[in-house]
Structure formats: structure tokens, C-alpha cells
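**Q** The residues making up each chain are set out below.
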Amino acid sequence: MAMMSLLLQNSAGQMAVGLGEGDQLIFDSSRDADLVGLRNVQAHVQAGLDQSGKAMSDVGRVFVDIGPGGLGATRTTVAFANALGFAASIPVIGLHAFELIGRHVSAGGERPVVCIRPAARPNYYIGKFEAGVLSYFQFKDVEAVKEFVRAHRHIADFAGKFAFPNVENAPDETWPVSQGNSASMECFLALGLEKYQTSPRSTRVFPISEDLSVTAQ
Amino acid sequence: MDNFVLGIETSCDDTSVALVDQNGQIAAIETVSQYEVHSEFGGVYPELASRAHLEAILPTIETVMAQAGAGRLDLRAIGVTRGPGLMGSLLVGLSTAQALSMAWNLPCYGINHLRGHIRSVDLEEKRLTYPALVMLVSGGHTLLAYLEDQHSYELLGTTRDDSVGECYDKVARTLGLGMPGGPAIDRMAASGTARIKFPRPMIHSGYEFSFSGLKSSVARYVETHPEFVIDDVAASFVDACLDVLGAKLRRAIAQKGPASLAVVGGVAASRQLRAHMQQISAETGVSLCLPPQKWATDNAAMIALATWDYIAQNAPQELDPKPNLRLFDA
Ligand SMILES: [Zn+2]
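Protein chains in written order, with my numbering: chain R, -3 to 213; chain X, 122 to 451.
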């Protein structure tokens, strides 16, 4: 039997759990109406195991979205992933949310994808996914992000979640909109399997978090 | 075999894990304090708290299991605080417990943190005799509960605003005594005279508490009396607090006729409070339990001991976080 992977995505604030068997996706909780909106990881995972006729002991590795994004939500699934890695002695691989959504929106195309998600106000995470990799990633204030968006609005697609109030010199028709804020589970599994081949095996990962000193002033 | 409950407590700013047997004996406990993390912000900063929990929780679990030489087969169940507490902090403990319970195929109970505090009286040795009155006074909580037996909790009253501990901390700040406020106030009060008449909020009725008026009246006094003597202000403030707590306790003793009385929570470390309680016990003939101070603050051993009650009662395994859970909620 091909190795089973557990997939945990939560940084966009909408929990989604998947199960992969080899490179085949066999469960996707975002397609289960009973699970959509439910924030209890165990409920998602248990439903996945039950519906696919599997047990937790069949899971051989965990892929978890480590953000950036909603910190509380990301920590919930990362805590679950780490504890599972510890208790079952299986590897945990952290996936950068901007690699996930960048890959999802680019769909293998040539056009770069600018990824943006809000951090503590007035700051944003900003990244650029191109040629299959995340080539740029920063934590910036709103003005710097607007500059970046202006410079890329005709040459890139956009992903993530952003809305800038009082945008000047940017009429609505030219200001970009996000093409998506979460990756499909198929995309998630494919990226996870690539990382699994290339990244060091660890049983513990941590969320990408902003510099909290900025928000604590 | 399966002699222990693995208790996990992450409701506020301490990451605590313990292995406790059915009789309250503690095989191992480890508590990682975030005091350093938060001291520069002058309070608990929720984002930092949940991040620190995430970093500390698995190493703490590993340490405790190793200290006790325990493995999965030594566990009967997992018990994890599900409220009250900070949402982000609760979620780290709950998610961790859920994964352990699934991987190890163990039942997992979401525990009411307040019931943990009350059960802390019986850690290491059975101290409480029923029916009992338990007063919980700490930075996070102020409540008076009546327990007909080990499993029936009746909330008599709680605070409408600040907890006693918060009030101590804020008065300490007003007096320039720094943090943590409780011990500093206690020290000053010991050498002062209670000659200032601060208000005793809600002293004459019921079991509810209110401390914010007392806190403001201390601040007002200090503002309008630049020549104030710190020791005397501290002593007068402590006197007002103890008068209120004592009046409610005496009322409850008269109405409920308990066999024993216990005081738990961080404020129970106060020498003045302990002396006051001893006096009430002597007057009324109700025996007094003052559990060791190390179990008075948030810890996982009390959560683990409370878990045994949930197991005994075959309670539902509720693992959703409840930041505002009350004593009488399961
Ligand atoms: Zn507490």
C-alpha cells in the first residue's frame, strides 16, 4: 500500500483536512458539507479516516500549512501536526501558505503570482511566486505593499486576501483582485510530496509569524 | 498499567503537563512559566502566550513522560483544559491533546479549569471532607463554591468585575510596588496599620463580589493624599479585601453548614488571608484546608486529578474551547 499523508490547511481561517494515498487524494474535508466551517481538527481527521476506511496508524507523514495567515487558526493545526508527529513518530512537513496559493493560482503557468495576506494592522505579508518557487517574501506596511502591487499589477496575477482603503491613483478597473486564498487539496498534496523528497525530516514545525513587537506597542 | 492521567493545562500563561494517578499522587509534573515573555508588556499578551505554548508543549510532555518513565500504556486517559481561558492558548492544548489521543487511541476529556482548581485541594493527600466550601481567589478567578460531595458543584458567587488577584496587582501598581503585586502588598501590609476606611463592596448581601470600586478608591486616596504611608494604605486595602471575603465565607458557613473549608488560588499565599481564614475556622469550628502553595497557581496536576472525576462519571469528551466556561458547566 502506498504511504498515507495527512494534509492540514487552516491559515486562511477555513479548516480543510485531506488524506492522500501515494499521489492520489482520497479525502478532502472541504467537499464535505457537514465539516465546512467546523474548527475542530479531530472531527475533520476522524471523518476522513472513517470515510476512507483507514486508521490513524495508517498515516505515515503529515503536511501542514504553516502560514502566514490567521495565527490562531494556523497554530491549531500546527499543534495537532506536531503532536501527531511526536506520538506516532512520523515526519511533519511545513508548507508555506504563499507557495500553496501561488502554485494553485499559477496552475503551472509562466505568469508570476503576487501573494498578499493581512498581518497586524497596518501591515501585510507579501510574496512573489514565480517559476515554481516563492522567490520573494516580506512583512511590509500598507504603503510598501501598495507600491509593490502598482509595480506588478500588469505583469502578475494576484492571490491571497487584501483590500486597501483609500487607494489613490488606482481606479477600480485597474486595481487587481485576488484569484484565490486557499490551495486545492490536490495542489497541497503535490507540493507536500515534492517537499517530502527535498526537505529534512523533522517531527516539529512552527508557524510563520510576524514580528510581534510591532503589534505590542 | 494505565494508572495515570496525562493532564495538560494551557489556559493562560503557563504551559503545564502532569501525570497523576487516581488518588492524586503525582508521578511527574513540569510547568513552564511565561513570566519572562510577558513581563515587558506588563500583562499577559495573548498572541505571545499561544506562541509560547506551541513552542513549549511537546518538550514539556516529553520531559514529564521521561521523568515518570511512562509510555502510552501507562495512560488511562488524557485531560486537557478547555476553559475558561484565552482562546489561542486553549486551542494549542486542545489540538495537542486531540492528536495524542488519536495516535495513542486514548479517551480525551476537555476539563473545566475551575474544577481543576477546586480538586487541587486533594493533590498528594486527601484533605477535603464533604460537604465543603471552597473559595478560589487568584489573578484570574474569584469564586465561592459549595460541594455537597466530590461531584456536585454549586456556585454560590463570583466577581462582577475584577478578581481579587487583579485588584492586588492594580493596587500594587498604584503604590509603585511593581509585579507581582500580591507578595509586595502582603509584605507592606504586614508592617502597616489599617487606619484608612476603604469601602467594603457588597459586604452586606449575598455571595457576589465586586472589587473595582475598592481599587478606584485606593487610587483616589493616593492621589489626594500625597503624604500617604505605603504600609498603611496596603494594610487598609488588605483589611477591606479580607473583610469582604470573610463576611461571605461566614455567611456561607452559617447557611450551608459545611464540614470543611478550603482556600485555593494564588491569593491564598497571602499570610494575612491565611491568618484570617484560621480565625474563621477557629470561630466556627469548621476545619480548614490550605493546600500547599505550589498547587495554588495554575498547574496540570489539578487538571489531571479532575479528569479522574470525568472518567468516574463517564462524562462526554467535549474538546471545543470554551473561553467563558463557568463552574457549573461540565
Ligand atoms: Zn486558574
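FYI, nobody ran anything at the bench for these hints, they're computed from the structure. Just so we're clear, the structure is a prediction, and the values are computed from it rather than from any experiment. Glycine included, every Cβ here is placed at the ideal spot set by N, Cα and C. Take the hints with a grain of salt, since some may be wrong.
Said to hold, decoys possible - Here are some chain R residues the structure puts well away from chain X; computed CB gaps all over 12 Å:
no., residue
1, Asp28
2, Asn36
3, Ala39
4, Gln42
5, Arg71
6, Phe76
7, Ala79
8, Gly81
9, Glu106
10, Glu126
11, Cys183
To be verified - According to the in silico footprint, chain R covers these stretches of chain X (three or more CB under 8 Å from chain R):
no., stretch
12, 263 to 272
13, 432 to 440
As the list claims (entries may be wrong) - Ranges of calculated distance between the beta carbons of each label pair, as one might list FRET restraints:
no., chain 1, residue 1, chain 2, residue 2, range
14, X, Pro228, R, Gln175, 38 to 46 Å
15, R, Gln193, X, Ala433, 46 to 54 Å
16, X, Ile432, R, Ala(-2), 53 to 61 Å
17, X, Gly299, R, Ala116, 45 to 53 Å
18, X, Tyr156, R, Val173, 43 to 51 Å
19, X, Met300, R, Tyr132, 24 to 32 Å
**Q** Each hint needs a verdict: does it hold in this structure or not?
**A** Evaluation of the provided hints:
1. Asp28: Aspartate 28 of chain R is indeed farther than 12 Å from all Cβ atoms of chain X, at 18 Å.
2. Asn36: At about 6 Å from chain X, asparagine 36 of chain R fails to clear the 12 Å cut-off, so the statement is violated.
3. Ala39: 9 Å, violated
4. Gln42: Check fails; 7 Å does not lie beyond 12 Å.
5. Arg71: The assertion about arginine 71 of chain R is violated, with a minimum of 5 Å to chain X.
6. Phe76: 4 Å, violated
7. Ala79: 4 Å, violated
8. Gly81: 9 Å, violated
9. Glu106: 38 Å, holds
10. Glu126: 31 Å, holds
11. Cys183: Cysteine 183 of chain R clear of chain X: closest Cβ-Cβ about 24 Å, beyond 12 Å.
12. 263 to 272: n = 0 at 8 Å, threshold three: violated.
13. 432 to 440: violated (count 1)
14. X:Pro228 x R:Gln175: 38 to 46 Å: Because 44 Å falls inside the window, the suggested range holds.
15. R:Gln193 x X:Ala433: 46 to 54 Å: Taking Cβ atoms as reference, glutamine 193 of chain R and alanine 433 of chain X lie about 49 Å apart, which means the hint holds.
16. X:Ile432 x R:Ala(-2): 53 to 61 Å: 39 Å, violated
17. X:Gly299 x R:Ala116: 45 to 53 Å: 29 Å, violated
18. X:Tyr156 x R:Val173: 43 to 51 Å: 46 Å, holds
19. X:Met300 x R:Tyr132: 24 to 32 Å: This hint is violated: roughly 42 Å between Cβ atoms.
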